[in-house]
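Asker: If you read the sequences in order, they're chains A and L.
Be aware that the first sequence starts at 136, since it is given in the numbering used here, and climbs by one per residue.
Be aware that the second sequence starts at 18, since it is given in the numbering used here, and climbs by one per residue.
It cannot be assumed that every hint is accurate.
As a list, the in silico DSS-like pairs of lysine-lysine whose alpha-carbon atoms are at most 25 Å apart [claimed, not checked]:
hint: 1; chain 1: A; residue 1: K402; chain 2: L; residue 2: K223
hint: 2; chain 1: L; residue 1: K155; chain 2: A; residue 2: K405
hint: 3; chain 1: L; residue 1: K273; chain 2: L; residue 2: K287
hint: 4; chain 1: A; residue 1: K405; chain 2: L; residue 2: K158
hint: 5; chain 1: A; residue 1: K393; chain 2: L; residue 2: K223
hint: 6; chain 1: A; residue 1: K337; chain 2: L; residue 2: K155
hint: 7; chain 1: L; residue 1: K287; chain 2: A; residue 2: K405
hint: 8; chain 1: A; residue 1: K206; chain 2: A; residue 2: K218
hint: 9; chain 1: L; residue 1: K281; chain 2: A; residue 2: K405
hint: 10; chain 1: L; residue 1: K273; chain 2: A; residue 2: K393
hint: 11; chain 1: A; residue 1: K402; chain 2: L; residue 2: K159
hint: 12; chain 1: L; residue 1: K223; chain 2: A; residue 2: K405
hint: 13; chain 1: L; residue 1: K144; chain 2: L; residue 2: K193
hint: 14; chain 1: A; residue 1: K146; chain 2: A; residue 2: K228
hint: 15; chain 1: A; residue 1: K393; chain 2: L; residue 2: K287
hint: 16; chain 1: L; residue 1: K287; chain 2: A; residue 2: K309
hint: 17; chain 1: A; residue 1: K337; chain 2: L; residue 2: K281
hint: 18; chain 1: L; residue 1: K281; chain 2: A; residue 2: K393
hint: 19; chain 1: A; residue 1: K275; chain 2: L; residue 2: K287
hint: 20; chain 1: L; residue 1: K155; chain 2: A; residue 2: K380
hint: 21; chain 1: A; residue 1: K402; chain 2: L; residue 2: K281
hint: 22; chain 1: L; residue 1: K159; chain 2: L; residue 2: K144
Calculated directly from the structure, the hints in this document are not laboratory data.
Predicted model only: the values in this text are computed from it and were never measured.
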Amino acid sequence: MKKILQVQSLKKYFPIYGGLLSRVIGQVKAVDDVSFDINEGEILGLVGESGCGKTTVGRMTLRLLEPTSGKVLFEGTDLLSLKGKELAMIRPKMQIIFQDPYSSLNPRFTVERIIGEALSVHGLAQGSELRKKIEGLMEKVGLSKMYLKRFPHEFSGGQRQRIGIARALALNPKYIVCDEPVSALDVSIQAQIINLLQSLQKEDNLSLMFISHDLNVVKHLSQRTAVMYLGKIVELAPTELLNRKAAHPYTQALLASKPSLDPTNRKRPKPLQGDVPSPLNPPSGCHFHPRCPNVVDRCKTETPRQIELEEGHTVYCHLYDD
Amino acid sequence: MHSQDPLLDIQNLSTFFHTEENIVRSVRNVDLTIYPGETVALVGESGCGKSVTALSAMRLVPMPPGNFENGRILFKGKDLLQASELEMQKIRGNEIGMIFQEPMTSLNPIFTIGDQIIEAICLHQDKSHDEARILALKVLKKVAMPSPETRIDQYPHELSGGMKQRVMIAMSIACKPSLLIADEPTTALDVTIQAQILDLLDELRKETQMSILLITHNLGIVAQYADRVAVMYSGKIVELASVENIFASPSHPYTKGLLNSLPKDTISVKLETIPGAVPHPAFLPEGCAFHPRCAEKMGECEREIPELKSLDSNPKHQTACWLYNKTPAL
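Bound conformation, chain L alone (with noise of 0.2 Å):
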């Protein structure tokens, strides 16, 4: 499946945030990859430290407090973590786009969108504005705005919900980034529009062969629209696998818990639940963060961190847990 080189691999990357008070652990030692043309899902719980992944990628992470302890983000083979920010304005926006969850907030409002996406191709290309006017047009009808004429002079305050996350959308592709980075795009709209915005990102996808990091806590978005999927726990990725063995074989008994506590088909059954907490991320538990809430902790969880190893039964499902991380017996 990947005889490509990685667009964009993540290796032991860890952010931290440096407050008066203490650290915040927001990502550990997070491997990730992404190959050309795939849609990874991350998915976890508020606090999992699954858009400060995404926004190391971006380095949009503010310094300080926060710090990139240790690890290399390869774009392209090129480490992230070194470049200038020089070299980082080139990139972000150009040949990595973000969307992010509050279309609302994320638009400028004393701008018409027009500007603003005129804006964004005229930093990153060398075209006219009447060129660029003549592109955004282009880039809105992609998206599939309705009445693109009349809504290129417009300001957010008149569009929905929906199409202000058209136009964030069209922002991010006008540059025909290789990877966009979705974080919840669709968790602050509604259930009808929400489809409408992601086989929108699907079909983008199919059609430029660009690769997708789709950031959500919702698991049905994840099994219409990922290939992979890494589960994110207290700041690591807990499980990696394909999306039919997520949802077919989870190993992880974090990623277990979390598909059987959904509402499920039949009516009037109790559900199942993860008892406690998430714990905060300053004040993480020794040892496997997961393990006060897990149902099958053992010695070891309580005090190593479990690595994230591929299963002996298939190579490409990966889990960090000390249940599939026996070493073999002497």
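Bound conformation, chain A alone (with noise of 0.2 Å):
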């Protein structure tokens, strides 16, 4: 399979500032060494709790953050060598679609305007060919053309939802980073815009990155799933695989404190203790390793290292390191 996206050792470090002369104090390691591929037409899942680094790798992929080493290749080009004019052609394949549909559209701005800004930008469309491409969007996503001059505020979130994803697909990209794109959005709705994307990725073999903490989405939505804790990734496997096989006692927890839609099923596991530790001073070895059940005293001092359980399925667990 072709791959779209390949992500090697990527790591962003956010320095601190502090002391009298604001000099750099320590280094929050917000993504810390992760490696992934999305082959073309994939959806892949990428889950974790909040503060657990997914938006900034998601944004990194699309260069939207300067990653501090590591490499995207992106359909073999290596993104972060690119600069000028050569960034801003490639720029139109990959796109964003927000969490808050509240806050990502200029309340200023028309759905016209808001829709059509990157096609004029980009110089792909003008006058009635650009009124068309806008309206074609518009249907795309389900919008009645009649919107066409009304403001953000005239809609309800989902409908803003449909519009932010209208705009991300106006320059026809290849891959988009959704980030949280339903949390936002009531159950009912949710169901609207997780059909829209599904058909999206289906007619126009998009590649997406699905950024959630709804494990139950993930699970919906995506081929593959890798999930991250504290800046790694800890587990990546085919969704089926992962939802019946999860390796890593942090998945385990993550499905186990999924509710149960079976009120006669009240059998909960014992909820995962402790809290997630802070990414400015993350425990030593492996960092889950304080909430662990299945911690051993090597998983305080070594930091473990990639293993294939199965092809595809790739842990970073010493419970499998033999």
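Two chains, two frames, a set of hints: combine them into the complex.
Answerer: Pasting the structure below:
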């Protein structure tokens, strides 16, 4: 299968300034040595709790944030070596959909301008052709073209998210980062947007990175799932396999903490104890060891290496390392 | 099951907000009872009136623009809507506790958490500061706060989100309320922390026999923690039943739609959706507010508002829908 995106040992350290002279006194390792690929036409789910670095990874793959080190290959081209015009040429192929449909649309722009801006910036369409393209995009995401001249405040959350999706689709991208696109929406609207994303992916053979903390949504949408904890990927596997045979204790805990929809089955496993530690001062060795039910001495000192359990299923955990 | 008198009995409550442009009908003729020791979940999407119902019970609706149009809220037999502000102050935080969605903004950043819990205790109980501090430590231990002796003198910013929510719970249970209103208590928290907090609330309920009004939009939480469920849509309760019945045999088309729109265990099947969006509470459609989105709508749905009535098959399962509400043929 053709790979659209290859990420190799990507790191992002944010400096912390302090003291009288505002010198660098430490680093937040927001993303620490993360590697994965996304195949063409695939949805990769990226799950984790708040502060685990999933949004930072998503933004770095679009070069909206400069990585500290590592490589991002987009269709084989090293994204981080590109400059100026070359970078501008590749940008239309990659887009992003944001979490909050209320703050990610300019309130002073009409829908027409929001969706059409990128097209005119890149000089891809003008005048009546531009109008036609915008109308086509609105139809594609399920918005009536009557709404062309309306402003974002006149729409509900779900409709706003459709505008955000139409904007992302305007330039015919190949790869879209969806950063929690349904978290701010109501349940009955979530399903509409999930269906839309799924049909777009099939129709246009889009590749998506789907960032979410909702395991049910990721399970429903993505072909493969990566689980992050404190800046590192701890497990990566085909979604079905991950849900059936989760190997990492953190993945197991995440799956177990998902409340079951069956009121007659209330046997809940004991929830994970403790809080997510601060990325300012992560625990030594395996970052998960203070909360891990299967912790051994080695976890406290040694960072676990990547272990392939079976094809396509990798885990970072000492339990599987003999 | 309910041999006792209800603890909270909301009768025909309507809470409207009179704005300059229009009237927002947030809560419309709601009836809801909560019995001692049970957890009742109030479910619905944003803007459906679930929080306003809870705030009405606490008499925390800002007036104006808010106004109680009609109804009674009986708490232990006393109508809270007729109570004076002084009487309400004695009930709030003492007999009825409340936890909010945002533990980050519900605590005062310039006081230590100990001070805030002690204040809540001293307001309602005849205790000296030292006695209150001992009690504060005790409740912090009860909510499983890690190292409570140091935490008690810390400020909210030194605590994680989950710990702040534990402080909120500690504060609201310090006076041993008989009713705890939990308004989306875990929505702002991570999934692994969510389970900790909900299990804690459930244990406290069993231990102290308090009742919980759990407001949430997460149906998984409802399935796991509620005894009875009230589903709200556009200010009205559209279905009320035991948690088993809601999930096994939902009757209202909206409840069915909500349950069907959740991602299931099967991968990559198209999700069922409810078309359209929730109407604005100031511009509600005529008749049943759900009819523009309903697949099973009939003539009367557009004209008249259906009442919440028991199903023939199960008197404890109530639904407000014309499909079940037909008058028997004469």
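Asker: Run through the hints listed earlier and report the numbers of any the structure violates, in increasing order.
Answerer: 6, 7, 20
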